[in-house]
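Engineer: Each chain is listed here by its residues.
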Amino acid sequence: MAIDMTEVRQLFFEESLENLDIMESNLLDLGIGAVDRELVNSIFRAAHSIKGGAGIFKFEEIIHFAHTAETLLDEMRRGEHLVTQPIIDVLLRAVDVMRMLLTALKENTDYDAQLVTECQNQLTSFLKTPMEGGPVGGTLPSKSTSPATPALPPEAQSAVKKTQIGGSSATIETVPAAGTAEGETEADSDLEAAGEGWQIDFKPHPGMLKTGNDPINLFRELANLGALEVKANIDQLPAFRDIDPQICYIRWELTLHTNAPRTSIEEIFEWVESDCDLQIRPLQLPEYAQITEELPKPELNATVEPTWESASSDSPPTNLLPPTPTSSIPREVANREVAQVATATLPELAPESVVNMTSPVPQRASPNVPPPQVPDNTLPTPPEATLESPHGQDPHSHPRGSNTQPGEANSIRVSIDKIDHLINLVGELVITQSMLDQVGEHFDQSRLSQLRDGLAQLERNTRELQESVMRIRMLPISYSFNRFPRLVHDLSVQLGKKVELKLSGVHTELDKTVLEKMSDPLVHLVRNALDHGIEIPEKRRQAGKSETGILHLHAYHQGGNIIIQISDDGAGFDLDKIRAKAVKQGFLSKDDPLVDEQQLHELVFLPGFSTAEQVNDLSGRGVGMDVVRRNIRSLGGMIDIQSKKNQGTTFRIRLPLTLAILDGQLVRVGQEIYILSLLSIIESLRIKPQLVNSLAGKAEVYRLRDEYVPILRLYELFDIAPSTSQLDQGLLVIVEGDGQKIGLFVDELLSQQQIVIKSLDSNFKKIQGISGATILGDGSVALILDVAGLIQWFHHGRKTAGVGRMS
Amino acid sequence: MNNDTMTNRVANKYLTFVLATEEYAVDILRVQEIKGWSKVTKMPNTPHYICGVINLRGTIVPIIDLRLRFGLDRLEYGPMTVVVVVKVLSNGKERIMGVVVDAVSDVYDVMENEIKPPPDFGTVISIEFVKGLATVEEKMVIVLDIDYLLNSQELAVMEQRMGDGG
Amino acid sequence: MTSNILISDDSVSMRQMLKFTLTQAHYQVAEADNGLAALAQAKQQPFDLVITDVNMPKLDGLSLVRELRTLPEYEFKPILLLTTESNPQKKQEAKEAGATGWILKPFDPDKLLAAVRKVLR
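Protein sequences, first through last, are from chains G, X and V.
Numbering-wise (our numbering), the first sequence opens with residue 1315 and increments by one.
Numbering-wise (our numbering), the second sequence opens with residue -14 and increments by one.
Numbering-wise (our numbering), the third sequence opens with residue 144 and increments by one.
Hints in this document: simulated from the structure, not taken from any laboratory.
Please note that a few of the clues may not be correct.
Derived pair list, reagent style SDA-like, types lysine to any residue, alpha-carbon separation capped at 20 angstroms [what the hints assert, rightly or not]:
no., chain 1, residue 1, chain 2, residue 2
1, G, K1372, V, L256
2, G, K2079, X, S75
3, V, K254, G, F1533
4, G, K2072, X, K24
5, G, K1524, V, K186
With the hints as extra help, turn the sequences into a complete structure.
Structural biologist: Right, dumping it as structure tokens:
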């Protein structure tokens, strides 16, 4: 059947990456000690889904790897392991490896096979159940296997081989699709293949129908294999009135003329094995079949081998079984199978060691059978040994968060609720439209009020539709926050610090574009906080703080903005050092009196600041902060710092919820109309001349209660003719940007309206002080003022004239 | 026959317009439309030859006064003022801009090989904006390199100012 | 008459794959992304076949089978489990819960259809 799998494939990648995120965050939530079953279960399910999906596409590396991880998780949820840091670490690495594999597959690129093998081995070393060799073992790159091939005597190898065969058939495992045991099972059962056909005695247990299996279906399947003769034995059929229609009383003797192997027959009866007595006898057993079937065996062994190597390359080659007990027992079991096909249930019969060997899933510890006594040298490698290798690599080199990279994630998952809401709104819109249609058809004065109502309704529909469409682009910030538990975990281990990460407001929604573009700045700030903010435990103790530092990421809505705070309770900024450094680098002149705390903090955002020297005990805190601020500003947001020495630092980012729409206040200066974001406006007031002071002859400040706010005459800055230059005849709009206040002197306030932001730089260029433009109702263009940019421009102009340049 | 002669034989259509006493030509394929003057929104912090921006069917398009760009005297804008809307390529991206000219003149076929490299004027307009000179119907027209004219210089000027400001 | 099949799996891609294959074969398919949802759907409308994943949130596959078997209309209906386990113990568990049979993941479309044909007339 030809199926276009591209879409399913895409889905698989999306889903698997999400599952990896789930695994990761749940792993980070796991507490050391007793197993939280719920949590482990959910991690298990995620790994399991990845494996299942990978199976569809035959992504062997992932299937194999996920299977190993899943096995360990399964052991954990069965309570066979306590949660330890090494286990969490190895599973986290496994998440990374799977992410790497998925990304490589998705983008059709290479991956580090060495890393896969290493991690696979680390996982295996934890397993109580030795991994069985699977077909995937053979597909592992040969270079990934250790050079130390365990040299087994041929007898031992064949013992291993037989163990698997025996184990498989004894468990009535006859499904070829059983993946790992496929080759062997078929080879074994096919010993009896290729005859004239089969004689089948089929005696359903009375309750077989209750399993949903219908003999007729089975016979139909059999008939597909060849000519089928069916003889029904109705000896057991009771008198008619005693018949219970739910019970199967009939037995069948079936003769099937076919050259299909026994496995094909067994496969058909696979689902009813335990609900019937079944005997399958060859119509004629040719002697040569057994002999010819011996031949492929060495080959099969060869494909099994690499797995053993890879599974044991880091640990002693003792994952292999002690050969003696296993070589005999499976035979026995296998024989038993021939004797009483339907009733044999292996788990009770087989010694633990066999199950241990062949089963991908750990056996359940039964009360009368002691846990498997694995020889000492097969024990997992000691945790210390596995701890060392991970930290050699940069934990952040993993292709993490690729799903949040702009440009790549061009699809968006939208909840059904949002879509439904949209559909409702469109429905309303259609109603409004037809209503207006009717009004328009025979319009006269008497219908004016109807028209007005209709237009009002249209306006409401449009607004709601617009809001809903915007909401589709909104994603919870958890998409971004969720990466931090891992980052903090890895970094704190790397830096030898103790850090507790608190996340709050993770459901706060913001525009997808904003979210994506904030991703890197946030990582930067978090890394900074760990690198330079939070101190090592000893230092913290000396400072009288708890050894564990707290990093708090908090998001919330304020007006139409989203605020993201990154706070640490670490060392805080050392203002003296910043000042000294600023002077040294020429950012400040010595003893510059105008530089206050806030301005010193601002220095951190200057390009090149503190890259050369240390601000605090580690490397410079300002590295890349200019980039962070630039990114935030490009989103129409702002960032400020609050820091107290020894108490910690808080970065506060304020961002618009969306980039496309703005609540605007129209202001007039002369003939021009400008737009201010309502959010930036603190208040507007008539100027009382007595509250205006002049500084240094030119700069004007306005006394607003207990602070002085500089006055910016927009007409001067923009070089346009105002209606008035008399301060008391215009208005002062107090706005805030980048944590600073300024008073914009304008002629008049006009209306407030929602405006759609148009880019200036698509045809032109970004202009300082202007964040974009919009088209007003009359078709004319109005510029949107960028308050932060204006303040900067204004200060710069003033500084150039007065105190001295900042940059 | 090599490629050079091939291209030399190709005639391109050029739109010419008048600025003061000179006639200038731009590749007609770059001209999107010709429209009358409409009120512009002034842009602060831009060179004086940038009149401002207009709304051209929903997009914001900057308007540049070529007279001022070339250092000629300003003409008052009025109903007769003509704006040639052109497509400019910069870094593989297409931008739409309007240029204010005195009047649109004509459309000519000009063979590539008829466009001669410009002599060093040293006078009216900077030679770097000029792709070459062509003689059409006994007149000299100045073929403009609008990508260069409306790109590098405009943006460079502003970037410099931006840099000062930041 | 087309048979009505309910598939229950928490993995979108798995459901997509199942649905695609089954619809191509002209079966009618309904989906559920967890055991509880599947149970609710099954109660609402009788399906000719239920195919369910084992590991699912809210209600796992085995429990779903047990629940379904208590309903009169599902007493004899075929129910197939999707499982990656070839482990006999798991199969025994599946049988005990009342499953008709199982489909081992990964499956290719033909195997899936073969399994479905095996239980639907």
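Engineer: Where does the structure disagree with the numbered hints, that is, which hint numbers, in rising order?
Structural biologist: Hints that this structure does not satisfy do not exist here, as all of them hold.
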